[in-house]
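J.: Below, each chain spelled out in residue letters.
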Amino acid sequence: MHILSKFAAVTALTVMSTTSFAADDPIAARQNIMKNVGAAMKAAGAMATGKAEYDALAAELAVRTINSSAIGFPMFFPKGSETGGDTEAAPAIWSDMEGFSKSSAQLATDSATATEAAKGGMDTFKGAFFAMAKNCKACHEKFRIKKN
Amino acid sequence: MRGFLKVFLLLAMAGAAVFWYLTEPKVLDAQSLPTTPGDVEKGKYIFYASGCASCHAAPDAKGEEKLALAGGHAFKTPFGTFYAPNISPDEEDGIGGWSDVDFVNAVMRGVSPDGQHYYPAFPYMSYQRMNVQEVIDLKAYMDTLPAVKSQVPDHDLPLPFRFRRGLGAWKFLFMDNKPFKAVQGASDAVNRGAYLVTGPGHCGECHTPRNLLGGPETDWQLAGGPAPEGKGVISNITPHRDGIGDWSEADIASSLETGFTPSYDTFGGSMVAVQENMAHLSAEDRAAIAAYLKSVEPRPSRWKERKPEK
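Protein chains in written order, with our numbering: chain S, -14 to 133; chain H, 62 to 371.
Do not take every clue at face value.
[Stated by the list, open to error] Some residues of chain S that are not near chain H, with every Cβ distance over 10 angstroms (derived):
#1 G23
#2 G30
#3 A37
#4 S80
#5 G106
#6 A118
#7 R129
#8 K131
[Stated by the list, open to error] When the alpha-carbon atoms are kept at most 27 angstroms apart in a straight line, the in silico DSS-like pairs for lysine-lysine are as follows:
#9 S:K119 / H:K123
#10 H:K365 / H:K239
#11 S:K132 / H:K355
#12 H:K365 / S:K122
#13 S:K132 / H:K137
#14 S:K131 / H:K123
#15 S:K127 / S:K20
[Unchecked claim] One-sided excerpt, in silico: chain S residues whose CB lies under 10 angstroms from chain H:
#16 V22
#17 T34
#18 E38
#19 Y39
#20 D40
#21 G70
#22 K111
#23 F115
FYI, nobody ran anything at the bench for these hints, they're computed from the structure. All residues carry an ideal CB built from backbone N, CA and C; glycine is no exception.
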């Protein structure tokens, strides 16, 4: 529990420090966050589908990255950042900020579960990973508009 | 002068007659249909292959709710706003009481039981390629779904498009009423994929761009383009580097099963509902779709801004 709260503190600090950066360019910031999530998904997904050998530490790191990205993610969508910078953010984010925040909170919850499951070996991790992975599509269905 | 007027009137009448003839709904008659009764289980498979629920379920329906085909989903297009109708087996609000031939003509010819043209927002341009028996199976399955009451608004269209008879002219220009034709020399998998993509799957309805009249731009088949709804784009799904050139067949099949692209991005927007339907198909059919998509002519995305190549 001690280690976990340490991690939470680090996560909070990371979010705070990126927030000040976000004030300058929230679009670039959130796009970078999503790139990190994509890279983490690739690593975790390869292990969950058996394409890469399971490594508990790597799996935990990957889903932890997703977890820290999900926490506070809606902060990177302030009013005024609706357009520009090749953003693929859908107008629905601002018309339904509550729904968007809920989606993001769900990812935070499910990635926290996956972080715990990573310690339990491949079979435990697999289930938690796919439960978490559902969030990506669910949110992109409503809140992202493809631009390329 | 009087002679001129006579000629003019005659020409006008001839023109009107030709227009009336050309725009007349072309339908199949009941005698031409196969006599095997619809198979519910097979129909269920076709239901997912042809994605009926993606448009006809109530907006935001999830899971089991998608089987209640109450309609009401609004499609804001450059031609006006279309509302998906109720196609549940309800006698009053839906299509309960339709005969097989009514259903076949609606799906494969875009003609209602009372002889009106449907708008091509309904993908009959693709469904015309379907196997008739499969359409009858589909009806048998849809008859088992819950009957639901719903009042769907009328399509909201500017004046010239409200005249449904004119759609006969549109069909004359773009629709050939021909069944699917397998390509000689192509593998069984590629032909099966071609049937699924161009027939029930109706992929080209979104992924093939449309011309000013709303007809498909066949030279740009599956090359995507700006989305008719919203500000996004529809992906290029030809094997060009602008499209899915660097995806393997396994990548395509797996993305249709899971919703994840090879780079672990996901499908978004209306493609999510499509993918969830594709996940109901057999692994062989998803592989067939992949094999076909890799076999079509690669086409660039012409809407992309290009930097000159060095």
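J.: Which of the listed hints are broken here?
T.: Result: hints 1, 2, 6, 7, 8, 10, 18, 19, 20, 21 and 22 break, sorted rising.
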